[in-house]
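Number of protein chains: 2
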Amino acid sequence: MAEIKTVSFIGSGNVATNLAKSFYRKGIKIDIIYSNTIENAQLLANKVGAKAVNNPTEIDIVSDLVVVALKDQIVDAVLSQIKINNALLVHTSGSINSISLAKYSNRYGCFYPFQTFRKEFQVDLYEVYLFVEANSSKDTELLKKTARLFSNKVVEMNSKERKSLHIAGVGLNNFTHYLLSITKQYCKENNLKTEYLTSLLTQTVNNSFYVEEALSLQTGPARRGDVKIIENHISTLESYPKYQKIYKAISQLILDEFHEDKFQL
Amino acid sequence: MAEIKTVSFIGSGNVATNLAKSFYRKGIKIDIIYSNTIENAQLLANKVGAKAVNNPTEIDIVSDLVVVALKDQIVDAVLSQIKINNALLVHTSGSINSISLAKYSNRYGCFYPFQTFRKEFQVDLYEVYLFVEANSSKDTELLKKTARLFSNKVVEMNSKERKSLHIAGVGLNNFTHYLLSITKQYCKENNLKTEYLTSLLTQTVNNSFYVEEALSLQTGPARRGDVKIIENHISTLESYPKYQKIYKAISQLILDEFHEDKFQL
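Chains A and B, in that order, are what the protein sequence lines are. The numbering used here applies: residue 1 is where the first sequence begins, and numbers increase by one. The numbering used here applies: residue 1001 is where the second sequence begins, and numbers increase by one.
One or more of the hints may lead you astray.
What the hints assert, rightly or not - Now the in silico label distances, taken between C-beta atoms and shown as ranges:
(1) Asn-1158(B) with Asn-158(A): 50 to 58 Å
(2) Glu-1189(B) with Lys-29(A): 40 to 48 Å
(3) Glu-120(A) with Lys-1005(B): 52 to 60 Å
(4) Glu-1127(B) with Asn-158(A): 40 to 48 Å
(5) Glu-1195(B) with Lys-144(A): 55 to 63 Å
(6) Pro-1241(B) with Lys-5(A): 42 to 50 Å
(7) Asn-158(A) with Ser-1100(B): 20 to 28 Å
(8) Lys-1005(B) with Val-211(A): 35 to 43 Å
(9) Asn-1152(B) with Asn-158(A): 46 to 54 Å
(10) Ile-38(A) with Asn-1158(B): 33 to 41 Å
(11) Thr-37(A) with Glu-1231(B): 37 to 45 Å
(12) Ser-1216(B) with Val-211(A): 28 to 36 Å
(13) Lys-29(A) with Ser-1235(B): 38 to 46 Å
Unchecked claim - Computed list of lysine-lysine pairs in BS3-like fashion (alpha-carbon distance at most 27 Å, straight line):
(14) Lys-145(A) with Lys-26(A)
(15) Lys-242(A) with Lys-1245(B)
(16) Lys-1071(B) with Lys-1005(B)
(17) Lys-1005(B) with Lys-1029(B)
(18) Lys-228(A) with Lys-1119(B)
(19) Lys-1228(B) with Lys-245(A)
(20) Lys-160(A) with Lys-1242(B)
(21) Lys-242(A) with Lys-1163(B)
(22) Lys-245(A) with Lys-1071(B)
(23) Lys-248(A) with Lys-1245(B)
(24) Lys-163(A) with Lys-1188(B)
(25) Lys-1103(B) with Lys-1138(B)
(26) Lys-163(A) with Lys-1193(B)
(27) Lys-1047(B) with Lys-1005(B)
(28) Lys-160(A) with Lys-1248(B)
(29) Lys-242(A) with Lys-1248(B)
(30) Lys-193(A) with Lys-242(A)
(31) Lys-1262(B) with Lys-245(A)
(32) Lys-228(A) with Lys-1160(B)
(33) Lys-1153(B) with Lys-193(A)
(34) Lys-1144(B) with Lys-188(A)
(35) Lys-1071(B) with Lys-262(A)
(36) Lys-1026(B) with Lys-163(A)
(37) Lys-1145(B) with Lys-1188(B)
(38) Lys-1160(B) with Lys-242(A)
(39) Lys-153(A) with Lys-1242(B)
(40) Lys-1245(B) with Lys-163(A)
Just so you know, these hints were derived from the structure itself, not from any lab. In this text, a Cβ means the ideal position worked out from N, Cα and C, and glycines have one as well.
Just chain A, with the same shape it has in the complex:
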């Protein structure tokens, strides 16, 4: 089977940074890092021994693989200016249907790490699911083989399933993150130690994620329909408008779930 020996990255953000470093560490040569901001391209290029480019029309791909990690809405505008030369072209988006890359290369697909990334922290991909897809079984195998260099959880997945998974990931990651961040901020403002919350959080994650039919384990004032406590809490939160807003919104959702729209906060 062929092998991926060289890769170029279109994008230099959180996903591109984590993937480029992962490839680089496995001895794969990184040819080009493109970003429309040259400083960003250069920052990543320096870390992985690549050439930084900020003008897409300058790019004439000679790499075996091109990884596009851009905001979904600018993918087309950038790719349409690059000479891909029928390299294997993959995007990293949960939402994009891979067939939309067909106009740029005969060989296309997706390389989707199911994880949240920040440039500042390199994530070990070993326990991270990597979902791959390509328009030929040969390239699917090639992507699988490449993904297995740094993940032991490589799965083939089509664009429709990937979109569903992406939506679930937004709920799981982005929303939980927001909720926990705001809660922590509220504790800080009230001089409550974050460590008070640690064992509760562990139990919560266990009950809600690792137990079947978790919804039936819901507890709390909204579950009980205890609107008096909820309203008391909401008024207590007068000086914490952000936490108050999220408190009210999710309490209403739980009330609706368990009390058939009987209560309106």
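Add chain B to chain A, keeping to what the hints say.
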């Protein structure tokens, strides 16, 4: 110092069940379990060798400690019918101001385990914070000593702080639980394996809880103000109205947080 040798429980729900069993296992005698439903009182009483009672006027306390674990709004109605005989009377509520028990006993306070309980699962309290409060330093010490029988995280906390902590706990536990349960349900309906989400969840909890200034690590379409993707997701969720509702509500909160009310879903 005096010692708690006997305890009665007013209530037989999730909190009473977990605490009564914890006391019982440490060799403390459980005298009475009260519930207005005799079957519930009996079920717990059988497990801890106590007497089940469903008529509060029958109760004439001889125990050293009385633990009230009822819904907040019925505490007064029940306690006003019981002969407490100036036993040490503690409630287990995050919201109740302990001074409201002063009319039932000269010795009163709070014994608040900061954890989510279900009757069905006995929780090991060793790593669970137990917040105690009493109206005399002697009884505060007595409660601390008793709490330390089964928890290594015993902290004195007043009613005002406890209420703030309780509100944080609702956000942390109840809301996260709801969010994760609905996300899991959505995955199931879409034939996506729950295990795909595991490493993402671990990373999420780490980023949002164990990192300072977690809010600045927020990612995702709402963080970026990518309303096109959000609206696409919301319409994709047409057949999953519950997940759609929560998706829309929290996306709006995050949009407001990072984009100053610029976007309305």
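Hint check:
1. In this structure the hint that Asn-1158(B) and Asn-158(A) lie 50 to 58 Å apart at CB holds, the actual value being about 57 Å.
2. In this structure the supplied range 40 to 48 Å holds for Glu-1189(B) paired with Lys-29(A), their Cβ-Cβ distance being about 43 Å.
3. A hinted range of 52 to 60 Å for the beta carbons of Glu-120(A) and Lys-1005(B) is consistent with their spacing of about 56 Å.
4. The hint said 40 to 48 Å for the Cβ distance between Glu-1127(B) and Asn-158(A), and at roughly 43 Å that hint holds.
5. In this structure the supplied range 55 to 63 Å is violated for Glu-1195(B) paired with Lys-144(A), their Cβ-Cβ distance being about 18 Å.
6. A hinted range of 42 to 50 Å for the beta carbons of Pro-1241(B) and Lys-5(A) is consistent with their spacing of about 49 Å.
7. Between Asn-158(A) and Ser-1100(B) the beta carbons are some 60 Å apart, a value that contradicts the proposed interval 20 to 28 Å.
8. Distance hint for Lys-1005(B) and Val-211(A): a CB-CB separation of about 36 Å, consistent with the stated range 35 to 43 Å.
9. A beta carbon spacing of about 50 Å between Asn-1152(B) and Asn-158(A) agrees with the range 46 to 54 Å that was offered as a hint.
10. For the pair Ile-38(A) and Asn-1158(B), the supplied restraint of 33 to 41 Å is violated, since their beta-carbon distance comes to about 57 Å.
11. Under the hint 37 to 45 Å, the C-beta atoms of Thr-37(A) and Glu-1231(B), about 27 Å apart, miss the expected range.
12. Hint check: Ser-1216(B) to Val-211(A), Cβ distance near 32 Å, so the stated range 28 to 36 Å holds.
13. Checked against the hint of 38 to 46 Å, the C-beta distance between Lys-29(A) and Ser-1235(B) comes to roughly 42 Å, which is consistent with it.
14. A distance of roughly 13 Å separates the Cα atoms of Lys-145(A) and Lys-26(A); the hinted pair therefore holds under the 27 Å criterion.
15. The hinted pair formed by Lys-242(A) and Lys-1245(B) meets the criterion: a straight-line CA distance of about 19 Å does not exceed 27 Å.
16. Of the pairs offered as hints, the one joining Lys-1071(B) and Lys-1005(B) holds, with about 26 Å between alpha carbons and a cut-off of 27 Å not exceeded.
17. Note on Lys-1005(B) and Lys-1029(B): the hinted pairing holds, with a Cα-Cα distance of about 6 Å set against a maximum of 27 Å.
18. For the given pair, Lys-228(A) sits about 24 Å from Lys-1119(B) by alpha-carbon distance, which is consistent with the 27 Å threshold.
19. Using a Cα cut-off of 27 Å, the hinted pair Lys-1228(B) and Lys-245(A) holds, with the two alpha carbons roughly 24 Å apart.
20. For the proposed pair Lys-160(A) and Lys-1242(B), the alpha carbon gap of about 20 Å is at most 27 Å, so the pair holds.
21. The suggested pairing of Lys-242(A) with Lys-1163(B) holds, with an alpha-carbon distance near 18 Å, which does not exceed 27 Å.
22. A hinted pair counts as satisfied when its Cα atoms are at most 27 Å apart, and Lys-245(A) with Lys-1071(B) qualifies at roughly 25 Å.
23. Restraint check for Lys-248(A) and Lys-1245(B): the C-alpha separation of about 14 Å stays at or below 27 Å, so the hint holds.
24. For the given pair, Lys-163(A) sits about 14 Å from Lys-1188(B) by alpha-carbon distance, which is consistent with the 27 Å threshold.
25. Straight-line distance between C-alpha atoms of Lys-1103(B) and Lys-1138(B) comes to about 19 Å, which keeps the hinted pair within the 27 Å bound.
26. Distance restraint check for Lys-163(A) and Lys-1193(B): the Cα-Cα separation of roughly 14 Å lies within the 27 Å cut-off, and the hinted pair is therefore satisfied.
27. Of the supplied pair hints, the one linking Lys-1047(B) and Lys-1005(B) holds, its CA atoms being roughly 18 Å apart against a limit of 27 Å.
28. Under the criterion of a C-alpha separation no larger than 27 Å, the hint pairing Lys-160(A) with Lys-1248(B) is consistent with the structure, at around 21 Å.
29. Under the criterion of a C-alpha separation no larger than 27 Å, the hint pairing Lys-242(A) with Lys-1248(B) is consistent with the structure, at around 17 Å.
30. At most 27 Å may separate the alpha-carbon atoms for a hinted pair to count; Lys-193(A) and Lys-242(A) meet this at roughly 20 Å.
31. Using a Cα cut-off of 27 Å, the hinted pair Lys-1262(B) and Lys-245(A) holds, with the two alpha carbons roughly 17 Å apart.
32. The straight-line distance between the Cα atoms of Lys-228(A) and Lys-1160(B) is roughly 18 Å, inside the 27 Å bound, and the hint therefore holds.
33. Between Lys-1153(B) and Lys-193(A) the CA atoms are separated by roughly 13 Å; this keeps the pair inside 27 Å, and the hint holds.
34. Restraint check for Lys-1144(B) and Lys-188(A): the C-alpha separation of about 25 Å stays at or below 27 Å, so the hint holds.
35. Using a Cα cut-off of 27 Å, the hinted pair Lys-1071(B) and Lys-262(A) holds, with the two alpha carbons roughly 20 Å apart.
36. Proposed proximity of Lys-1026(B) and Lys-163(A) is contradicted: the alpha carbons are some 52 Å apart, above 27 Å.
37. Between Lys-1145(B) and Lys-1188(B), the direct Cα distance comes to roughly 46 Å. Violation of the 27 Å bound is thereby established for this hinted pair.
38. This hinted pair checks out: Lys-1160(B) and Lys-242(A) have alpha carbons roughly 20 Å apart, not beyond 27 Å.
39. Between Lys-153(A) and Lys-1242(B) the CA atoms are separated by roughly 30 Å; this puts the pair beyond 27 Å, and the hint is violated.
40. For the given pair, Lys-1245(B) sits about 18 Å from Lys-163(A) by alpha-carbon distance, which is consistent with the 27 Å threshold.
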